[in-house]
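K.L.:
Take the sequences, apply the hints, and build the full model.
Number of protein chains: 2
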Amino acid sequence: MKKSQALSKGELEIARALWDIGPATVRQIYDQTSATRDIDFATVQTYLRRLESKGYASSKLAGRLRIYSAKTKPQAVIRDTVADLVQRLFGGSAMPLVRHLIEDGDISRHEIAELRKLIDDLESSKTDDVPGAAKVSGGAKSPKEPKS
Amino acid sequence: MKKSQALSKGELEIARALWDIGPATVRQIYDQTSATRDIDFATVQTYLRRLESKGYASSKLAGRLRIYSAKTKPQAVIRDTVADLVQRLFGGSAMPLVRHLIEDGDISRHEIAELRKLIDDLESSKTDDVPGAAKVSGGAKSPKEPKS
DNA sequence: TTGCATTGCGTACGTTTGTACGTATACCAT
DNA sequence: ATGGTATACGTACAAACGTACGCAATGCAA
Numbered sequence: 000m001k002k003s004q005a006l007s008k009g010e011l012e013i014a015r016a017l018w019d020i021g022p023a024t025v026r027q028i029y030d031q032t033s034a035t036r037d038i039d040f041a042t043v044q045t046y047l048r049r050l051e052s053k054g055y056a057s058s059k060l061a062g063r064l065r066i067y068s069a070k071t072k073p074q075a076v077i078r079d080t081v082a083d084l085v086q087r088l089f090g091g092s093a094m095p096l097v098r099h100l101i102e103d104g105d106i107s108r109h110e111i112a113e114l115r116k117l118i119d120d121l122e123s124s125k126t127d128d129v130p131g132a133a134k135v136s137g138g139a140k141s142p143k144e145p146k147s
Numbered sequence: 000m001k002k003s004q005a006l007s008k009g010e011l012e013i014a015r016a017l018w019d020i021g022p023a024t025v026r027q028i029y030d031q032t033s034a035t036r037d038i039d040f041a042t043v044q045t046y047l048r049r050l051e052s053k054g055y056a057s058s059k060l061a062g063r064l065r066i067y068s069a070k071t072k073p074q075a076v077i078r079d080t081v082a083d084l085v086q087r088l089f090g091g092s093a094m095p096l097v098r099h100l101i102e103d104g105d106i107s108r109h110e111i112a113e114l115r116k117l118i119d120d121l122e123s124s125k126t127d128d129v130p131g132a133a134k135v136s137g138g139a140k141s142p143k144e145p146k147s
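In order, the protein sequence lines correspond to chains S and B.
Numbering that gives the first Met the number 0 puts the first residue of the first sequence at 0, with every later residue one more than the last.
Numbering that gives the first Met the number 0 puts the first residue of the second sequence at 0, with every later residue one more than the last.
The reader is advised that the hints may include incorrect statements.
Heads up, the list lumps identical chains together, so a pair's fine if it works in one copy or across two of them.
In silico DSS-like links for lysine-lysine, alpha-carbon gap of 27 Å or less [unchecked claim]:
1) K70 / K116
2) K59 / K70
3) K116 / K53
4) K59 / K8
Calculated from the structure, these hints are not laboratory results.
P.N.:
Take a look at the structure:
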């Protein structure tokens, strides 16, 4: 199995834009990205090309415009990226990162509620690990289910 | 103020080892790190040198051995590193990352309790944001600048 | 004392990353 | 038709990265 090449920080940024707006031209990605940070059109083009050559995007010409589409789901890339970070920074435990995020004061009051619910679901899924009974609440979270 | 150079993934790994075991020789860092992943002694040496040249570590000779010490606190580096990731991957919101971590099933049952407590503290600190009453639980979080 | 192992230190080298230029071409408004 | 504008595409290039070699000096065991 080939170890799919990891995305660089810059590539991640462009990938995110691509996930956000779906299949898009270079200009669309450029507009989206340049709103946040200073970047050249040609640079975006290069990133998209590299994204494609690494297998994270595909493209086709529509007339004279090239349309890029994401080929991987954000979840997968995010998972790998975060896992790598967690590995290097915390030896593989996710908890220290969670702790950091919560303690670092970036969670709004409103989000606390969601967080609490998330934890409730998590707890019940850990407690009730008898398969068969699917919960209706929101997203059914299967821990290791080979999807796609 | 100079924008301190960011650490690469490899450098982060070595920095972590240095934080873990405190002032240490190359070999100590090497032993610690090579237990987890394949790496050459000389590579560790190079990383430590680079860490020092970037200002994240200092060193002195003790006899014929060079002792490296971390010069920055892990919190600061972690904060910057994670902030950068969150920026690129989620446009700056921490919540999606927290959500990911929780939903990705890397939190043990035991950690759930801690998490809940963390949230409780967070909530009370948000609700009661009138200064003056210091909480005993660990650490006043300094709120960051209100980014957009 | 003679090696052998260990470490410091300088140096190297192929890749990847970040950033962009230049040119040919296709499109649009005049 | 003509010129300006946008885009594709090939190419570039310095810096950072990951990884390590080689030599000199020092310490240790036989």
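K.L.:
Work down the list of hints and note, for each, if the structure agrees.
P.N.:
Evaluated hints:
When the C-alpha separation of K70 and K116 is checked against a cutoff of 27 Å, the pair qualifies neither within a copy, at 32 Å, nor between copies, at 40 Å. When the C-alpha separation of K59 and K70 is checked against a cutoff of 27 Å, the pair qualifies only within one copy, where the shortest distance is 13 Å, while the shortest distance between copies is 50 Å. Neither within a single protomer nor between protomers do K116 and K53 lie at most 27 Å apart by alpha-carbon distance, with minima of 37 Å and 42 Å respectively. Within a single copy, K59 and K8 get their C-alpha atoms as close as 25 Å, which meets the 27 Å cut-off; across copies the closest is 34 Å, which misses it.
The earlier numbered hints that this structure contradicts are 1, 3.
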